[in-house]
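> Listed here are the chains, written in short residue letters.
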Amino acid sequence: MSTGIRTSRALEPVLWFAGLLLIWQILVRAFEVPIFVLPAPTDFLADLIEERHRLALHGLITTKLILYGFIAGALPGVVLGYLIAKFRLAEQILYPIVVFIQGLPKITLAPLMLVWFGFADTPKVILTGLITFFPVLVDSVAGFKSIDPRQYYLSKSVGASWWQTFRLFELPSAAPQIFSGLRITIVIAVTVVIVVEWLNSQNGLGYLVLRAMDGTNTPFLFAILFVASLIGVVLSFGVAFLERLLLPWRRI
Amino acid sequence: MDKGNSAAMSSSSPVRAMVGASIVASGITKVYGHGTNAALHALGPMGLNVKPGEFVSLIGPSGCGKSTTLLLVSGLESVTEGKIEFDGQILRKPISDVGIVFQDHLLLDFRTALKNVMLQQEIRGLDAAELRARADMLFDRLGIAGSEGRYPRQLSGGMRQRVSIARALVHDPSMLLMDEPFGALDAITRTQSRHDLEMLWMETQKTVLFITHSIEEAVGLSDRVLVMSKSPGMIVEEIKIDLPRPRPAHLGEYPEFAQYAERIYQIFAKLGVYKF
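As given, the protein sequences belong to chains A and B, one line each in that order.
Start counting the first sequence at 1; every next residue gets the next number (the working numbering).
Start counting the second sequence at 1; every next residue gets the next number (the working numbering).
The shape of chain A in the complex, shown without the other chains (with noise of 0.2 Å):
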């Protein structure tokens, strides 16, 4: 009984789905749009199947490299907002450097990126590391300042050094915020890695929407679009399993 409603509760967004597809279908048809403007679903759906290769080649290309990107970003953000809580000098040394970083518009260092690093992968890896490490620092910070300050008094008088006081203490305790840095920041990971691959690339998600274009051969395009929000859905509930994995106690 409850597993039915279970499924079909599953089933539901589904079914949503499927039936805007039928519209999109229908309307397409009957208003005859040009399929370089709209193409119907059954355009592109036949394209992902027969593109299906190539999709998933570029697609792991693409999603390696938002990992990377992503971690790139995300590790530094957490060491650095742990520093930033922690240390007031920290604070007043790498916050002014981290405000003007994040003024700056870090697309627009690509091609610096290009000068620097080359043309493979590290430059795609280190933009999306730039763009991603905000986020997760502003999270971080405000995670490891959010901590009662009585905690230490715990720590410190169950003898913890500074290494059992962060693994033990400071980082569970700031996980939950940090966590919510990630889940918004392995979306954007995923627009970014894409548009940098824009700029310059042989392989990639971003390399085909190019060439895509280039033919103007939308119907593609719909099917590398429908891929790389596949990509995101996937990475955005990787994230959230493993929040559930490592924060047990945040589903009670």
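Output of the computed footprint for chain A on chain B, the stretches with three or more beta carbons under 8 Å from beta carbons of chain A:
hint	region
1	86-99
2	117-129
Partial list, derived from the structure: chain B residues whose beta carbon lies under 10 Å from chain A:
hint	residue
3	71
4	108
5	111
Label pairs and their in silico Cβ distance ranges:
hint	chain 1	residue 1	chain 2	residue 2	range
6	B	205	A	95	52 to 62 Å
7	B	63	A	145	19 to 29 Å
8	A	112	B	78	46 to 56 Å
9	A	79	B	250	56 to 66 Å
10	A	145	B	202	42 to 52 Å
Hints were generated in silico from the structure; no laboratory data involved.
These numbers were taken from a predicted model, which means no experiment stands behind them.
Don't be surprised by glycine CBs; every beta carbon is placed ideally from N, CA and C.
Following the hints, position chain B against chain A.
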């Protein structure tokens, strides 16, 4: 190696069953902040002397510096003036041979009840099996067996406070510092907790410094009650409680209890704690 260091070293040694530690504090004051305007004179000057294995209560109006006293005695805050000796050695850093029950329990909400208690084992690197057995015993004795796997948020206020008492005792420290541990509990739970604590103390003979604003708790538990004045707090009276143990749930059974309570009440009245 100076004395302060060796005190810290010995206090980080593994579990040892022994009689309680002693505390001798003389002329201690605590001033928060600097300058004449910003400074807050929270405590003292006051002296304090707790003998090994003794159960001493500090009672006084709220804001008189009771909690500050506990923080100073535990070494978590440093004294502005005066000195504190823990087991004969001058206190320079937080003592770790201690169990502290903080006000509002201070459990970590990301750890289960048992893992909160076993934090002591994890951080101090003590024998896991031995500490686990002690934790089981304490959960049982404190009436919280069965809640080991629950998170603090899933426990009632009374249970949380009991978990925090278990955490303060599991590593068998030679001193127990308690800051209004039963303050947030209902009357029934409070009476039960008081009895459970008294029984545990009678078995282990640890030194206990117990902070409370309840006359009943102070008289019901202590060998000696130290009465504090309003802020900045000082000890104005020392009352030896000469009642047999374990003391009953209903303290009114002893006519002496009423006399002790009346004495504390009179001191408070004289200090202007009560305004009627």
